[in-house]
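S.K.: Which chain is which? The protein sequence lines are A and B, in order. Using my numbering, you'd call the opening residue of the first sequence number 1 and step up by one each time. Using my numbering, you'd call the opening residue of the second sequence number 412 and step up by one each time.
These aren't lab readings, by the way, just hints derived from the structure by calculation. We put the beta carbon where it would ideally sit given N, CA and C, even for glycine. Errors might be hidden in some of the hints.
Stated by the list, open to error - Keeping only pairs whose Cα atoms sit at most 35 Å apart, straight-line, the calculated DSBU-like set for lysine-lysine is:
(1) B:LYS498 x A:LYS174
(2) B:LYS546 x A:LYS359
(3) B:LYS546 x B:LYS574
(4) B:LYS595 x B:LYS498
(5) B:LYS574 x B:LYS522
(6) B:LYS595 x B:LYS574
(7) A:LYS174 x B:LYS522
(8) B:LYS488 x B:LYS498
(9) A:LYS359 x B:LYS574
(10) B:LYS460 x B:LYS522
(11) B:LYS546 x A:LYS174
(12) A:LYS359 x B:LYS488
(13) A:LYS359 x B:LYS498
(14) B:LYS429 x A:LYS174
(15) B:LYS595 x B:LYS488
(16) B:LYS574 x A:LYS6
(17) A:LYS174 x B:LYS460
(18) A:LYS388 x A:LYS229
Said to hold, decoys possible - If you only want the chain B side, here are some residues facing chain A, beta carbon under 8 Å, derived:
(19) VAL462
(20) HIS537
(21) GLY539
What the hints assert, rightly or not - Some but not every residue of chain B turned toward chain A, in silico, with C-beta under 7 Å:
(22) ASN457
(23) PRO458
(24) GLN486
(25) TRP528
(26) PRO560
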Amino acid sequence: MAGLHKSDLPNPVLNWIDSRLPIITMMQKEYGVFPTPRNFNYFWNFGALAMVTLILMIVTGIFLAMNYQPNTGLAFDSVQHIMRDVNYGWLIRYVHQNGGSMFFIVTYIHIFRGLYYGSYKAPRELLWILGVVILLLMMATAFMGYVLPWGQMSYWGATVITNLFSAFPAIGPKIVTLLWGGFSVDQPTLNRFFSLHYLLPFVLIGVVFLHVAALHIVGSNNPLGIEPKGPQDTLPFHPYYTAKDSVGVCVFLIVWAAFVFFAPNVLGDPNNFIEANPLQTPADIVPEWYFLPYYAILRSVPNKLLGVCMMFGSILVLFVVPWLDTSRVRSARFRPTYRWLLLLWVLSFVVLGVCGANKPEGIWVILSRIGALYYFAHFLLIMPILGKLERPLSLPESITQAVTGRPLESH
Amino acid sequence: MAESSAATAHGHPADGTKRDLLELIAGAGAVMLAGGVAVALIGSMNPAKDVLAVSAVEIDLTPIAVGSGITVMWQGKPIFIRHRTDKEITEARDVTLSDLRDPQTDQSRVKGGHDQWIVLIGICTHLGCIPLGNKPSDMRGEYGGWFCPCHGSQYDTSGRIRKGPAPLDLAVPPYAFVSDTRVKIG
Numbered sequence: 001m002a003g004l005h006k007s008d009l010p011n012p013v014l015n016w017i018d019s020r021l022p023i024i025t026m027m028q029k030e031y032g033v034f035p036t037p038r039n040f041n042y043f044w045n046f047g048a049l050a051m052v053t054l055i056l057m058i059v060t061g062i063f064l065a066m067n068y069q070p071n072t073g074l075a076f077d078s079v080q081h082i083m084r085d086v087n088y089g090w091l092i093r094y095v096h097q098n099g100g101s102m103f104f105i106v107t108y109i110h111i112f113r114g115l116y117y118g119s120y121k122a123p124r125e126l127l128w129i130l131g132v133v134i135l136l137l138m139m140a141t142a143f144m145g146y147v148l149p150w151g152q153m154s155y156w157g158a159t160v161i162t163n164l165f166s167a168f169p170a171i172g173p174k175i176v177t178l179l180w181g182g183f184s185v186d187q188p189t190l191n192r193f194f195s196l197h198y199l200l201p202f203v204l205i206g207v208v209f210l211h212v213a214a215l216h217i218v219g220s221n222n223p224l225g226i227e228p229k230g231p232q233d234t235l236p237f238h239p240y241y242t243a244k245d246s247v248g249v250c251v252f253l254i255v256w257a258a259f260v261f262f263a264p265n266v267l268g269d270p271n272n273f274i275e276a277n278p279l280q281t282p283a284d285i286v287p288e289w290y291f292l293p294y295y296a297i298l299r300s301v302p303n304k305l306l307g308v309c310m311m312f313g314s315i316l317v318l319f320v321v322p323w324l325d326t327s328r329v330r331s332a333r334f335r336p337t338y339r340w341l342l343l344l345w346v347l348s349f350v351v352l353g354v355c356g357a358n359k360p361e362g363i364w365v366i367l368s369r370i371g372a373l374y375y376f377a378h379f380l381l382i383m384p385i386l387g388k389l390e391r392p393l394s395l396p397e398s399i400t401q402a403v404t405g406r407p408l409e410s411h
Numbered sequence: 412m413a414e415s416s417a418a419t420a421h422g423h424p425a426d427g428t429k430r431d432l433l434e435l436i437a438g439a440g441a442v443m444l445a446g447g448v449a450v451a452l453i454g455s456m457n458p459a460k461d462v463l464a465v466s467a468v469e470i471d472l473t474p475i476a477v478g479s480g481i482t483v484m485w486q487g488k489p490i491f492i493r494h495r496t497d498k499e500i501t502e503a504r505d506v507t508l509s510d511l512r513d514p515q516t517d518q519s520r521v522k523g524g525h526d527q528w529i530v531l532i533g534i535c536t537h538l539g540c541i542p543l544g545n546k547p548s549d550m551r552g553e554y555g556g557w558f559c560p561c562h563g564s565q566y567d568t569s570g571r572i573r574k575g576p577a578p579l580d581l582a583v584p585p586y587a588f589v590s591d592t593r594v595k596i597g
C-alpha cells in the first residue's frame, strides 16, 4: 500500500500538500537540483524559448478566440474587428501572428542544434522522435491557423495544401472531400480548422511533456557530445540554467516585440488583406516563409505524386536520422568533414526556401532541384557512409577537463 | 491468460475458461464500440446533407457570345461554360489522341448536337487553382484554351491538359441540355 510521501519542506502547508501530492519535490528534482552539463552554450536556450512561445501562443490564441468568428461570411471582418475595435486586439493579434514565425525560427534553430551536436544519437533517439512529432503537429497547427483570417492567401493556401492529398491514387479525392467536408474549401472546412487549431496546441503540450520527460531520463546532450562522468561535470539546473535561459528569453522577447511593434506584417503576404474569393486565384500562391523549403521540394519534381511524397518525405526522414547516422561521435565539433557538410545542408535548406518564394521558372527550378537533391543526399547517403569513413578528432576525456582550459595534450 | 492460469493453480479450471470467454466478449464489444464511434466521427466530417442537397443549377446560355465563356458556381466549385468558335472546335478535334497526356476525344467531352458548348469544372487538376481563359482577353496559353497562373498548366479548347504539371484534363461535370439555350448542371 502507498503511504504519504516523506516531504522535508519546512513550511507546514506546503509540506501537507507535498506529502499528498509531491509536485514540489518533483519540481525541485527536475528543475532545481537537476544535474545539467556545465558547458552549455546559447544553442541550449532554444528549447526553453520554444516552450515560452507555445505558452504565449496559447494565451494570445484563447483571447483571440473570444472575438473571432469561424464563419466564411464573418471571419475576415471579425479579424478586422479585432484589429480595430477590440481593446488591445491589435496587440494580441500581432503577437499571435508573428508568434507563428517566432515559433518556427526557434524550433528550426533547436533542430539544427540537435543535428550539429548529435543530440539524436543513443540514448536520445526517442527524445528526438518526439521532437519530430512536435514539429509535425506545429506545422499542422500553423497551417490551419493561417486559414482562419480567411484572406485570399488563407483560402488558396488551404486549397493547394489540401489538394496535395488528391495525389494519392484511388483514395486521394475521397480524402480531400473528407478534409473539406464539402466539394471545395468552404464553411465546414473553416469551422473544423478552427476547432482543430484550438485543439492541437493542447496536444502539443502533451507531447512536449513527453519530450521533456524523456529528456529528464536520458539527460541533456552538450556541445562536446560526451556524457558527464560525475558531479564535477554538471551544475544544478537552478540557478545556473534558469539564469542562462532568462537571458535568452529576454533577447528573444526583444526580437519578437521588434516585429510586433515595428514590422508586424513584414513576414506576411499582402494578398491576405483581401477577403477570400473562391472565383479568383491570386497570381502567385506562396505559403508562409517557414514552409517555403518544403514547397520548393514539392515543385522541384515534375510528377505530382512523387513531388508530394518527396515533400512529406523531407520531414519523415528526420524520424530515422538516429539510425542513418553511423558515426559514434555525437558533436560535429569533432567531425572535421561532417560539420561542413551539415552546414552545406543548412545552406540547401535556405536555398530551397528562396526557391520556394520565387516562381518555378528558369534558374529557380534548377536551384531547387540541386537543393532538394542535397537535402536528401545528406540524410540518405552522407550520414550512413561518412560515419564509417570519417576519422573524428580525439574526444576530451571529460567535460571538466575540456572547459577548465587544461591543454589537450595532457590526456 | 495469466489470470486464467493463476485460477487453474488455485483449482478452478472452469473459472479460467469462463473468464477467457468473458474477456473475448468484452474485447470484441469494445472493438465494435470503437468502430462505431469512429464511423460516426469520421462520417460527420464528410459533406453534410445540406451541402449535398445544393446539387443542381440551371444556366441560361443566350448571353454568352461566341468565343467567350462564363463562370458559374456549382457545389462551391467554379464551372466554365464556353461558347467555342468553329476554329476552336476544329482545333480540338484535329489532335492526335496519342499526343495527349490524358487522352479523351473532344466528342466525348461535349453533348452531341451542342458541339459549340464545352462545360468544365474550372479547377486545375494540379493543385486546385482556377485557370484563366474565359474572357477572350485572358491569357489562354499556347493551345487557346485555359492557362493556370499558379504553376503554368495549359489546357486546349476542349479543356484537355497539354503542357505543364497538371496530370489530368479539366473534369466535365454531370449536366444536360434542358433546351437549346439552357443547361442544368448536377
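S.K.: Hints broken by the structure, by number, lowest first?
M.R.: The structure breaks hints 1, 14, 16, 25; every other hint is satisfied.
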